[in-house]
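Number of protein chains: 2
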Amino acid sequence: MDDKAMLMIPGPTPVPERALTALGKHPIGHRTGEFSALIGEVNAGLQWLHQTKNDVLTLAASGTGAMEAGIINFLSAGDRVLVGSNGKFGDRWVQVAQAYGLNVEVIDAEWGKPLDPEAFRAALEADTNKEIAAVILTHSETSTGVLNDLGAIVAHIKAHSKALSIVDAVTSLGAYDLKVDELGLDVVGSGSQKGYMIPPGLGFVAVSNKAWDAYERATLPRFYFDLGKYRKTAAKNSTPFTPPINLYFALHAALQMMQDEGLEAIFARHDRLKRATRAAVKAMGLPLFGADECASPAITAVAPATVKAEDVRARMNKKFDIALAGGQDHLKGQIFRIGHLGFVADRDVLTAIGALESVLVELGHDGATPGAGIAAAAAVFKAS
Amino acid sequence: MDDKAMLMIPGPTPVPERALTALGKHPIGHRTGEFSALIGEVNAGLQWLHQTKNDVLTLAASGTGAMEAGIINFLSAGDRVLVGSNGKFGDRWVQVAQAYGLNVEVIDAEWGKPLDPEAFRAALEADTNKEIAAVILTHSETSTGVLNDLGAIVAHIKAHSKALSIVDAVTSLGAYDLKVDELGLDVVGSGSQKGYMIPPGLGFVAVSNKAWDAYERATLPRFYFDLGKYRKTAAKNSTPFTPPINLYFALHAALQMMQDEGLEAIFARHDRLKRATRAAVKAMGLPLFGADECASPAITAVAPATVKAEDVRARMNKKFDIALAGGQDHLKGQIFRIGHLGFVADRDVLTAIGALESVLVELGHDGATPGAGIAAAAAVFKAS
Numbered sequence: 001m002d003d004k005a006m007l008m009i010p011g012p013t014p015v016p017e018r019a020l021t022a023l024g025k026h027p028i029g030h031r032t033g034e035f036s037a038l039i040g041e042v043n044a045g046l047q048w049l050h051q052t053k054n055d056v057l058t059l060a061a062s063g064t065g066a067m068e069a070g071i072i073n074f075l076s077a078g079d080r081v082l083v084g085s086n087g088k089f090g091d092r093w094v095q096v097a098q099a100y101g102l103n104v105e106v107i108d109a110e111w112g113k114p115l116d117p118e119a120f121r122a123a124l125e126a127d128t129n130k131e132i133a134a135v136i137l138t139h140s141e142t143s144t145g146v147l148n149d150l151g152a153i154v155a156h157i158k159a160h161s162k163a164l165s166i167v168d169a170v171t172s173l174g175a176y177d178l179k180v181d182e183l184g185l186d187v188v189g190s191g192s193q194k195g196y197m198i199p200p201g202l203g204f205v206a207v208s209n210k211a212w213d214a215y216e217r218a219t220l221p222r223f224y225f226d227l228g229k230y231r232k233t234a235a236k237n238s239t240p241f242t243p244p245i246n247l248y249f250a251l252h253a254a255l256q257m258m259q260d261e262g263l264e265a266i267f268a269r270h271d272r273l274k275r276a277t278r279a280a281v282k283a284m285g286l287p288l289f290g291a292d293e294c295a296s297p298a299i300t301a302v303a304p305a306t307v308k309a310e311d312v313r314a315r316m317n318k319k320f321d322i323a324l325a326g327g328q329d330h331l332k333g334q335i336f337r338i339g340h341l342g343f344v345a346d347r348d349v350l351t352a353i354g355a356l357e358s359v360l361v362e363l364g365h366d367g368a369t370p371g372a373g374i375a376a377a378a379a380v381f382k383a384s
Numbered sequence: 001m002d003d004k005a006m007l008m009i010p011g012p013t014p015v016p017e018r019a020l021t022a023l024g025k026h027p028i029g030h031r032t033g034e035f036s037a038l039i040g041e042v043n044a045g046l047q048w049l050h051q052t053k054n055d056v057l058t059l060a061a062s063g064t065g066a067m068e069a070g071i072i073n074f075l076s077a078g079d080r081v082l083v084g085s086n087g088k089f090g091d092r093w094v095q096v097a098q099a100y101g102l103n104v105e106v107i108d109a110e111w112g113k114p115l116d117p118e119a120f121r122a123a124l125e126a127d128t129n130k131e132i133a134a135v136i137l138t139h140s141e142t143s144t145g146v147l148n149d150l151g152a153i154v155a156h157i158k159a160h161s162k163a164l165s166i167v168d169a170v171t172s173l174g175a176y177d178l179k180v181d182e183l184g185l186d187v188v189g190s191g192s193q194k195g196y197m198i199p200p201g202l203g204f205v206a207v208s209n210k211a212w213d214a215y216e217r218a219t220l221p222r223f224y225f226d227l228g229k230y231r232k233t234a235a236k237n238s239t240p241f242t243p244p245i246n247l248y249f250a251l252h253a254a255l256q257m258m259q260d261e262g263l264e265a266i267f268a269r270h271d272r273l274k275r276a277t278r279a280a281v282k283a284m285g286l287p288l289f290g291a292d293e294c295a296s297p298a299i300t301a302v303a304p305a306t307v308k309a310e311d312v313r314a315r316m317n318k319k320f321d322i323a324l325a326g327g328q329d330h331l332k333g334q335i336f337r338i339g340h341l342g343f344v345a346d347r348d349v350l351t352a353i354g355a356l357e358s359v360l361v362e363l364g365h366d367g368a369t370p371g372a373g374i375a376a377a378a379a380v381f382k383a384s
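Protein sequence lines correspond, in order, to chains E and R.
Residue 1 is where the first sequence starts when you use this note's numbering, and the numbers rise one by one after that.
Residue 1 is where the second sequence starts when you use this note's numbering, and the numbers rise one by one after that.
Be a bit skeptical, because a hint or two may be false.
All copies of an identical chain are treated as equivalent in the list; a pair is satisfied when it fits inside any one copy or across any two copies.
As the list claims (entries may be wrong) - Computed cross-link-like contacts, DSS-like style, restricted to lysine-lysine with a CA-CA straight-line distance of at most 30 Å:
{"id": "1", "residue 1": "Lys158", "residue 2": "Lys318"}
{"id": "2", "residue 1": "Lys88", "residue 2": "Lys232"}
{"id": "3", "residue 1": "Lys318", "residue 2": "Lys25"}
{"id": "4", "residue 1": "Lys229", "residue 2": "Lys113"}
{"id": "5", "residue 1": "Lys4", "residue 2": "Lys25"}
{"id": "6", "residue 1": "Lys236", "residue 2": "Lys319"}
{"id": "7", "residue 1": "Lys88", "residue 2": "Lys236"}
{"id": "8", "residue 1": "Lys130", "residue 2": "Lys319"}
{"id": "9", "residue 1": "Lys88", "residue 2": "Lys162"}
{"id": "10", "residue 1": "Lys210", "residue 2": "Lys236"}
{"id": "11", "residue 1": "Lys210", "residue 2": "Lys179"}
{"id": "12", "residue 1": "Lys382", "residue 2": "Lys4"}
{"id": "13", "residue 1": "Lys308", "residue 2": "Lys236"}
{"id": "14", "residue 1": "Lys88", "residue 2": "Lys179"}
{"id": "15", "residue 1": "Lys332", "residue 2": "Lys229"}
{"id": "16", "residue 1": "Lys232", "residue 2": "Lys332"}
{"id": "17", "residue 1": "Lys113", "residue 2": "Lys308"}
{"id": "18", "residue 1": "Lys162", "residue 2": "Lys4"}
{"id": "19", "residue 1": "Lys236", "residue 2": "Lys332"}
{"id": "20", "residue 1": "Lys130", "residue 2": "Lys282"}
{"id": "21", "residue 1": "Lys25", "residue 2": "Lys319"}
{"id": "22", "residue 1": "Lys158", "residue 2": "Lys179"}
Derived from the structure by calculation, the hints contain no laboratory data.
Using the sequences and the accompanying hints, generate a full structural model.
Put into structure tokens, the structure is as follows:
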């Protein structure tokens, strides 16, 4: 059946009709009072979502572009940086930092395990000359569904007193209670096709005053991603280059929906979706990839033993038109990932679990009674 | 009246309903066979539009991002470059080149006048050690409506035998018969909200084999805009980072419409719109900004003497809901610009001229008989 596809991947995430309708409107001039007013409302909404008074700047770019901007605007070639890596995106920030000639020290953890805050404490304490200019972290590691303990790591960075915290919040923003100001995060990057509930094409960077001070000293070359230009124009509800007007329309609609729902309800919903999904997966007799203690509210990774991950994905797709994500890099074929990020309701998780149970029956998985997954999710929903 | 706005600016340009409908569709996964097939068709369409066998790569970025990518991928800090500048966008490429530490020699011309090909010949011939690595040019200077003589300048670059030609075709591609392969252009940048007839958010870069050779030697830092990554994934109908899926949907629809119309018809239409607009402006007794010989097919700049440019724009907007562009930088208040780029029909030009004549009557302009503009445009249409 056409047009029945259901996205349960960590991005693009489902887009509500209100955002799609806004997206499909005819563009207006971006140098008009009408569009300026929209930019003003969008920027206020972004600050609300980030729980910050910092500038939150919008770029025509993917999340990777936003994170690159978050790195190159505040550093100079040769600067020492610590990069946490326990998945594909942590690895990507290592690559970005190296591409720009930073002096990179990697603190890694096995994929599926969280970063160890103590390793950061040790590295920061060992840096007695305070040479470390920044610590670059992935909050929710999309490739594995692991949520790193940002609070603990950032506390060590704060104790260090000099290093900036540069955080990839691509799959945590809008899903997890990320208090940018309370934590004192310096740079926070994200992308539109995630918790924002709109299609890809916009990247976001929140920038603290401490980071702006570093910007003044930073010498890496930049032009299109020069955040100073974006800050200057944002103050006038404008943009330095032609903005993706229609994605702004959609963003405006989606931020309004998020404000109607409220932060507390949004975070509670994602937490509930996570717990229901994990309870169901366990009840289905499938091993979770990653422990409950470090589980992302956006995505649940499963490492099936009795069936092949790619068979599960193929059948979910073919029989029920549900897209799940596969494993990346060396996890290809080893895991599948269920996205429950953004415009996802309790009902959608039940749908995915019901379909997964049906597929497991087909594939001859005998680790659980069919229906046990739905029962486990129902128990979570009853208790929530 | 709501939703009656008409864009006669050089970007965003009007978007056909077919592209808007595609834009507002629910996104699909970008790592699916369905989306790969779409990327394949889009890439073939882009090559057709560029009249090239070169790679044409698509970035999530504005046209400025695409041009920056076109500069930084093929050069190293300290490289000598010639940059032609006779308007805001030429100035911008000077700024980009300087931001990346290139050794910039500017060949300029007064805003409203074309670049002098002889100045390029002289500079290239004086470079007896063949140190000039690239010549960076704006084809259609959006800020003034001047079309530079690319053919003549590129002939001098070819005679030089080493320098790359890096061309901003943002408001010429899809409006002017720009034969990328026949001219032997090395790098051509453009943006989606122009001749492509879709909203902003995508940038495009066409890259020749000679440019790819230079890429291997170039040492400027890059990651998100590293075109090698885009080339590698394009060969597999994929993208290195999450693409703006919905803008791809719209692009796919728009390229199909362009292919249905045909290149010859598209270029003839833009030429006709240009001639009709210029004939009408002259008949209205308004001075054109820039000579007929170097007039852009995308945009006509007018430097009114008897009325104020900003009064014209304000009344066109208020009375008839038609957006015209103003002057930029030192031309602010001196000129207004009529866009006739992309999804613009003969009828639209008549509409704009009729409204302009009406506004001139209101403003007390007495340089022409009301209706003379329409009559002049009609004569062009009759002869075309």
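**Asked** Among the hints numbered above, which are violated by the structure, and what are their numbers in rising order?
**Response** 1, 8, 18 and 20
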